[in-house]
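Listed in order, the protein sequences are those of chains A and B.
Basically our numbering = 1-based index in the first sequence + 836.
Basically our numbering = 1-based index in the second sequence + 5.
If you are wondering where the hints come from, they were derived from the structure by calculation, not from laboratory data.
Note that beta-carbon positions come from the ideal geometry of N, C-alpha and C, so glycine has one too.
Hints are not guaranteed to be accurate.
Stated by the list, open to error - Only part of the chain A face toward chain B is listed, based on derived beta-carbon distances under 7 Å:
{"#": "1", "residue": "A893"}
{"#": "2", "residue": "S894"}
{"#": "3", "residue": "R895"}
{"#": "4", "residue": "Q929"}
{"#": "5", "residue": "P977"}
{"#": "6", "residue": "P980"}
{"#": "7", "residue": "K995"}
{"#": "8", "residue": "I997"}
Said to hold, decoys possible - Simulated crosslink set (DSBU-like; lysine-lysine; CA at most 35 Å straight-line):
{"#": "9", "chain 1": "A", "residue 1": "K1030", "chain 2": "B", "residue 2": "K72"}
{"#": "10", "chain 1": "B", "residue 1": "K91", "chain 2": "A", "residue 2": "K1030"}
{"#": "11", "chain 1": "B", "residue 1": "K251", "chain 2": "A", "residue 2": "K957"}
{"#": "12", "chain 1": "B", "residue 1": "K388", "chain 2": "A", "residue 2": "K957"}
{"#": "13", "chain 1": "A", "residue 1": "K1030", "chain 2": "B", "residue 2": "K160"}
{"#": "14", "chain 1": "A", "residue 1": "K957", "chain 2": "B", "residue 2": "K535"}
{"#": "15", "chain 1": "A", "residue 1": "K968", "chain 2": "B", "residue 2": "K160"}
{"#": "16", "chain 1": "A", "residue 1": "K1040", "chain 2": "B", "residue 2": "K160"}
{"#": "17", "chain 1": "B", "residue 1": "K177", "chain 2": "A", "residue 2": "K1030"}
{"#": "18", "chain 1": "B", "residue 1": "K72", "chain 2": "A", "residue 2": "K968"}
{"#": "19", "chain 1": "B", "residue 1": "K148", "chain 2": "A", "residue 2": "K1040"}
{"#": "20", "chain 1": "B", "residue 1": "K397", "chain 2": "A", "residue 2": "K957"}
{"#": "21", "chain 1": "B", "residue 1": "K251", "chain 2": "B", "residue 2": "K148"}
{"#": "22", "chain 1": "B", "residue 1": "K163", "chain 2": "A", "residue 2": "K968"}
{"#": "23", "chain 1": "B", "residue 1": "K91", "chain 2": "A", "residue 2": "K957"}
{"#": "24", "chain 1": "A", "residue 1": "K957", "chain 2": "B", "residue 2": "K177"}
{"#": "25", "chain 1": "A", "residue 1": "K968", "chain 2": "A", "residue 2": "K871"}
{"#": "26", "chain 1": "A", "residue 1": "K1040", "chain 2": "B", "residue 2": "K91"}
{"#": "27", "chain 1": "A", "residue 1": "K968", "chain 2": "B", "residue 2": "K148"}
{"#": "28", "chain 1": "A", "residue 1": "K1035", "chain 2": "B", "residue 2": "K163"}
{"#": "29", "chain 1": "A", "residue 1": "K1035", "chain 2": "B", "residue 2": "K148"}
{"#": "30", "chain 1": "B", "residue 1": "K160", "chain 2": "A", "residue 2": "K1035"}
{"#": "31", "chain 1": "B", "residue 1": "K177", "chain 2": "A", "residue 2": "K1035"}
{"#": "32", "chain 1": "A", "residue 1": "K996", "chain 2": "A", "residue 2": "K871"}
{"#": "33", "chain 1": "B", "residue 1": "K148", "chain 2": "A", "residue 2": "K957"}
{"#": "34", "chain 1": "A", "residue 1": "K957", "chain 2": "B", "residue 2": "K562"}
{"#": "35", "chain 1": "B", "residue 1": "K177", "chain 2": "A", "residue 2": "K1040"}
{"#": "36", "chain 1": "A", "residue 1": "K957", "chain 2": "B", "residue 2": "K39"}
Said to hold, decoys possible - Footprint (simulated), chain A over chain B, 3 or more residues, beta carbon under 8 Å:
{"#": "37", "segment": "345 to 351"}
{"#": "38", "segment": "362 to 371"}
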Amino acid sequence: MGDENLNSAGYEIPPEMQSQVAITTLDKIYNWSRKNSLWPMMFGLACCAIEMIGTAASRFDFSRFGMEVMRPSPRQADLMIVSGTVTKKMIPQIVRLYNQMPEPRYVIAMGACASGGGPFKEGYTVVAGVDKFIPVDVYIPGCPPTPQALLHGFITLMKKIEKQSLRSVPWYQKTPGEPIPIPILGPDLMDPRKFDQIKQVCGKLAEQGNEPAEGEAAHE
Amino acid sequence: MNEQVEVQSSSLSDRFPEIVLPDTRTGYSGFLVKPENLIAVVRTLREEMGYDYLSSVTGVDYLPENKMEVVYHFYRTTGGGALVLKTQVERENPVVPSLTPLFPGAEFQEREAWDLLGIRFADHPDLRRILTWEGFHGHPLRKDWKEPFFEEEAKPFKSRWPEGHVYRAEDKNPFHDNVQFPAGFDPELWSPETDELLYAGLKRVDKTGDFLTEQVVVNLGPQHPSTHGVFRMVVVLDGETVVDLKPIMGYLHRNHEKIGERNTFLQNMPFTDRLDYVCSMSNNFGYALAVEKLMGIHPPERAEYIRVMMAELTRYLNHIFSIGFLLNDLGAFFTPMLYALEERELILDVFEAVSGSRMMCNYFRFGGVARDIPDEVMQKIRKLVLDRLPRKLDEMDYFITHNEIVRGRCEGVGVLTAERAIALSASGPVLRASGVPYDVRRADPYSIYERFEFNIPVRYNGDIYDRYLLRLDEMRQSLRILQQVLRDIPEGPIMSGKPQYQVRVPAGEAYGRVEGPKGELGFYVVSNGKPNPWRYHVRAPTFINLTSLAEMCRGQKIADVVTVLGSIDIVLGEVDR
Ligand code: SF4
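Using the sequences and the hints given, assemble the complete structure.
Here it is as structure tokens:
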């Protein structure tokens, strides 16, 4: 694991101490330790979760990357792997879980569904990508992504973590971030951030006096 | 089969002249009955004619005829073909009597028909929405209901094919998202459904004893490490004992059937992979059978053998996986699972070699399979089947079966009796572990299963332990079939006719069912001669097996709920579709 990465250039370490001492910056050691001990949340949504389990098992074994401690509780996890189709009925819970995760936290959208709706995008209860609600750090294509692809996603995330700096990370800023408002299940999924827009469009539709958006059921 | 239908028809029409009429539409079979006579006819069917198993209940929206039809498939647990009963009502405000008093197994299926098609079932004990949520706008499987990202009635969409101008569905929707609201709707005035009502209905105060004890309502899921995905149970507890339990699903409802009715017949094949995503090959099998029945074609010999081979490998894979999960649920976290997953990887290698994908195989075609099996892969399968898999099975058996803790926690827990299992329409290992020797491969043989020698394992205690043992037995039988397949598989073509993208399916209906690893997997397909199915319904075994969950859990400890659920072996992709 890279001492080379850890060592800051410009400091000579005597040869006899080279594998025991490292001189580095706070940022580097902070990121180095974080990226090698990501704890994913034990959280499976659909088919992709099965491949995630496969990745955890012996052949692919993601404990090699320091992440075998899957936590069932969001309070103890710092990585959410959204592994599967996000439905409208499930998204309030996902947002809630995300809000409960302490910072620093990361999100991986695993598979076509989590990234953008995938094969089920046209469905009436499918959220076309989890990034409509929570920020995503790494997207992994595939349906399902192979374990290799998932591992590649992890490594990409590690690279991202490596580049962060204590000075600019959001969780050490003066004002803490706001939790994401929880979507509400109405006649359809309602994002509290979009209430005005919904009201506006629905009002316009009513004025036109015709059927609601794009062919609605005539019943009920 | 035809003979049988005639026998049925004569006796049914003898009993009910003028009331039960044969369905004479071309390509259709079964009988039509008026809703007001339904209960009487079904009672006779069950009590006098031996049709004691209600397999599937579903609705079809015949928009052009302005009719809503409810279709029932009955079987005898002693074997034989289906008796199909249909009842038609007006599309506006359709009401049909509920069959739950006679067949409690209809409960979830009727709720689903209400949710998706808006058919009301009179006297249903708990007619709430099941896959969508209370308050959802409309009944999505009605033919005149359109989803927010609606583009055209049927695929291939003109925008995509043959010219190929793609646009983002978001750009056309007024909300720029996958949502739609009624005109004049104001989100601020909406009061969302809360769970209070559900809880209030469940909670009881026990005043019988000296103490005033209150029961507690506990929610397990949808995010819970032991619910095998996004499944939720509301459990009422008296101390640690389960008083009542309500399963709540729909958290993975991906609109399989609505999308399936827009797709062409072949386009549905990859979607079936995603039903029970652990056993994609068996799902392919069921769907291919249903459509082949409609088309009246049969795959060539070699393809039949390949199909059986894939189905049985899948059964092994599924059972070893589910045993691993069961041990997870018992608290032996992940170690047994690692053993199971090791074998799974080897079988997945085979699947990947023949189909190109590990999990989502999309391997079956109408009239055959997509690709032939190369010799090297055949060698690999041979090695697995003849050597490794039996060995590993014995190893599992050796480590787990006589384990003190496993026996202590599984024996006598989560019991389901044979009568209740039949009444609740349970199928697969759950049914057979309760002492009912019913396996579609024997009871109503399909493909070439008649040729093989194998037993249908049965266990009689109906508890978790028996379900576990039964899975072991079934894996042994699967290996036995596989050995015969490997011995007999002929050379030859793997497709009848030319492979086509667009198959011609004559008008009519068909119900194809296979014994999937989790139970009876059925596909009800209605075609009206167009390139897309008019109705495409999946009888998902685990969805219906869940009906018996509450029964198995009542009186058990809360910790056992998790194991009982594990022993049913559910996959949410199939439960919620
Ligand atoms: S991307 Fe594919 S495999 Fe993953 S959840 Fe979606 S449908 Fe399933």
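message: For a quick check of understanding: which of the numbered hints are violated here, in increasing order?
response: When the structure is compared with the hints, numbers 5, 7, 8, 9, 10, 12, 18, 20, 26, 34, 36 turn out to be violated.
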